[in-house]
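Chains A and B supply the protein sequences, listed in that same order. Per our numbering, residue 111 is the first one in the first sequence, and the count goes up by one each step. Per our numbering, residue 140 is the first one in the second sequence, and the count goes up by one each step.
In short, the hints are calculated from the structure, not lab data. Please read these numbers as outputs of a predicted model, since none were measured by experiment. C-beta: ideal position from N, C-alpha, C; glycine also. Please note that the accuracy of each hint is not assured.
As the list claims (entries may be wrong) - Among the chain B residues that face chain A by a calculated CB cut under 8 Å, a handful are:
| id | residue |
| --- | --- |
| 1 | Ser172 |
| 2 | Gln180 |
| 3 | Pro182 |
| 4 | Glu191 |
| 5 | Phe199 |
| 6 | Pro200 |
| 7 | Ser204 |
| 8 | Ala226 |
| 9 | Leu229 |
| 10 | Gly244 |
| 11 | Gln245 |
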Amino acid sequence: KQEVTQIPAALSVPEGENLVLNCSFTDSAIYNLQWFRQDPGKGLTSLLLIQSSQREQTSGRLNASLDKSSGRSTLYIAASQPGDSATYLCAVRRTYNFNKFYFGSGTKLNVKP
Amino acid sequence: ETGVTQSPTHLIKTRGQQVTLRCSSQSGHNTVSWYQQALGQGPQFIFQYYREEENGRGNFPPRFSGLQFPNYSSELNVNALELDDSALYLCASSPGDTHTEAFFGQGTRLTVV
Numbered sequence: 111k112q113e114v115t116q117i118p119a120a121l122s123v124p125e126g127e128n129l130v131l132n133c134s135f136t137d138s139a140i141y142n143l144q145w146f147r148q149d150p151g152k153g154l155t156s157l158l159l160i161q162s163s164q165r166e167q168t169s170g171r172l173n174a175s176l177d178k179s180s181g182r183s184t185l186y187i188a189a190s191q192p193g194d195s196a197t198y199l200c201a202v203r204r205t206y207n208f209n210k211f212y213f214g215s216g217t218k219l220n221v222k223p
Numbered sequence: 140e141t142g143v144t145q146s147p148t149h150l151i152k153t154r155g156q157q158v159t160l161r162c163s164s165q166s167g168h169n170t171v172s173w174y175q176q177a178l179g180q181g182p183q184f185i186f187q188y189y190r191e192e193e194n195g196r197g198n199f200p201p202r203f204s205g206l207q208f209p210n211y212s213s214e215l216n217v218n219a220l221e222l223d224d225s226a227l228y229l230c231a232s233s234p235g236d237t238h239t240e241a242f243f244g245q246g247t248r249l250t251v252v
């Protein structure tokens, strides 16, 4: 069974800080891992997709890394802004299964002006 | 804007009633998945449809059922609603290739009273 854990559950930082969100998964047999952003009461916005053969992906101020063997991924946000305040979810797709995501419970980020 | 559209955005139903939620997938995507997200939790997989056939199911009772149409749009039907069915229901569409991104709609907020 695949279990996905995100730490911390909540994070509050002042504007301008660099920060790291953590995601761990129990089964390393994954196709890929995707990071999402969710604003309150809204759907999911895809941020970054990392294939199992990749080590990291970058988009603007966001950088996601993947260490499949240890079952870990990190999302690095540089120079945080109040507009980054949201819940960040990571999700994995397993190798031995259909196209199903296993989600963590998310990290709720608050960036203070 | 993901190109995945869900309707309605909000819905209030009475316990015991039936509800139908709709999802219009992104153009060219033949795979649709449905997820249930309770408050403060990550989304949980309900089922997936690939080319009009159910292609996998999560740990949800049979009163959760679905359809996918020839244009790849989809419906989620829930019978005999229970209070615990109150949640955000998300659909995700993808091209059917597990190596590509999935895109989520904005969700339908269902409240059962």
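Going down the list of hints, with the structure as the test:
no.	hint	result
1	Ser172	holds (7 Å)
2	Gln180	holds (6 Å)
3	Pro182	holds (5 Å)
4	Glu191	violated (15 Å)
5	Phe199	violated (13 Å)
6	Pro200	violated (18 Å)
7	Ser204	violated (18 Å)
8	Ala226	violated (12 Å)
9	Leu229	holds (6 Å)
10	Gly244	holds (5 Å)
11	Gln245	holds (4 Å)
In terms of the numbered hints stated before, the structure departs from hints 4, 5, 6, 7, 8, listed from lowest to highest.
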